[in-house]
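Colleague: Listed below, chain by chain, are the residues.
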Amino acid sequence: MDRRTYLRSLAATGAATTTTATAGCLGVLGAGGAEGTVLGPPERDLSEASHPSYGDEMPHITVPDPITGEEVSTEGLEGERAVLWTSFYTNCPDGVCPALILRLRRAQEYAAEQGFGDEAAFLALTFDPERDTAEVLREYAGQRGVDLGAGNWHFLRPESYERGQELMDEEFGLVIEKRDADEYQNIEYRFPHVGIILLANEDGIVERVYPRGPQTDVERIVDDFERVVTA
Amino acid sequence: MRRRHLLAGLASVGALGGAGAVATGGVPDALGGGDAPEPIEPVTLDTIEAPGSRDGEVTLPAPDRPTFVDFFATWCKPCVEQMPDLAEAHDRIGDEALFVSVTPQDVGGSVSEEKVVNWWRENDGDWLVAADVTTALAARLNVGGYPSARAIDASGRVRWATSGTHTTEELVEGIERALDR
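Just so you know, the protein sequences line up as chains E and R, in that order.
Residue numbers for the first sequence, in numbering that gives the first Met the number 0: 0 to 230.
Residue numbers for the second sequence, in numbering that gives the first Met the number 0: 0 to 180.
Hints should not be assumed to be uniformly reliable.
[To be verified] To list a few chain R residues with every Cβ distance to chain E over 12 Å, as calculated:
#1 ASP45
#2 PRO50
#3 SER52
#4 VAL57
#5 ASP90
#6 ARG91
#7 ILE92
#8 ARG120
#9 THR166
#10 THR167
#11 GLU172
#12 GLU175
[Said to hold, decoys possible] Partial pick of chain E residues on the chain R-facing surface, computed with a CB cut under 8 Å:
#13 ALA98
#14 LEU101
#15 ARG105
#16 ASP117
#17 VAL135
#18 GLY144
In case anyone wonders, no lab produced these hints; they're calculated from the structure.
Even for Gly, the Cβ is constructed at its ideal location relative to N, Cα and C.
Please put together the full structure from these sequences, using the hints given.
Modeller: This is the structure in structure tokens:
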């Protein structure tokens, strides 16, 4: 089922993606990359995918952070912080979400060690707001070692499941569907999903999308992120 | 030899069905059968005072001998299921490699050491257990889901990388791959 969703998301290309020129541009910050990017083009061109990719604008979303009580807006972070974004849910039964969260957490830890934590934002959007309440998210953060006190980590919790589904589809090109979870003992329903991590620079331009986020080399993500933040 | 092992590894991943191994793809790309993975730069972690373990430090991977690392977490249910096979594997082959379980949790911070010790005791752990509070080791070994296992040879090269639960046989075979060289 994961596979089908993934293929569908790959098939739904075109319209939503704003493809930017990839070569020959006078990049504002870097050389040889798309306009406004720090990093050069990725090894694999993902511009045909339904989700945002290299050189695209980071989707402008405004979603409540239930722990701080703020409305977090990606546009509001522009000019201030580079962003690592992922989507997940705490009941994720299959290891995808822990791997995604570990990658963001490692980047958060590294940013703190290197002193650029205030130029970074880590956004973890749950598409299961019914179960992922403020209390559940806070406990999850504790178990996983996320540093909520650093002020740069936000859990994003859409107002409703439908709103989250709409956000994921319209803004990120990712299809989320609630399925029953008979094969798992502890949960009633689950969401087969593609584990994606997005890296956007402080100007809100996507520098990297890691479409197989859970398998992507942790140090590669951290290294890309550092290069973008400290450029 | 390598090829046979790789195929065996894939088969065991398949047998796990919907569990962690499938979701995280098992063997990372970097290991895709390449003959000469780069050595992993060692990280020093604090160890935990618990049955079979002691309060102190450990450098992983060990600089001069094979190392087996099991990544677990106290919130991870499959990790509980994995413990009897790990214990059996430790009994059979634990003398031939540095055998250690590592949690990437913020032990001493958001998760108390006592909680980890209790988990360890309840699940009959009886070998070295360490805390990777900065996830530096998990990052170097590119951990996906939990449990995850890595068998690393004496030169610091990863010879077996997997996630999801495994039988004793699979664990022993995986560790043996790091002893060959």
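Colleague: Evaluate each hint against the coordinates.
Modeller: Results of checking the hints against the structure:
no., hint, verdict
1, ASP45, "holds, 14 Å"
2, PRO50, "holds, 23 Å"
3, SER52, "holds, 20 Å"
4, VAL57, "holds, 19 Å"
5, ASP90, "holds, 27 Å"
6, ARG91, "holds, 27 Å"
7, ILE92, "holds, 26 Å"
8, ARG120, "holds, 19 Å"
9, THR166, "holds, 18 Å"
10, THR167, "holds, 21 Å"
11, GLU172, "holds, 22 Å"
12, GLU175, "holds, 25 Å"
13, ALA98, "holds, 4 Å"
14, LEU101, "holds, 6 Å"
15, ARG105, "holds, 5 Å"
16, ASP117, "violated, 19 Å"
17, VAL135, "violated, 12 Å"
18, GLY144, "holds, 4 Å"
Figure legend: structure checked against the earlier numbered hints; hints not met, in rising order: 16, 17.
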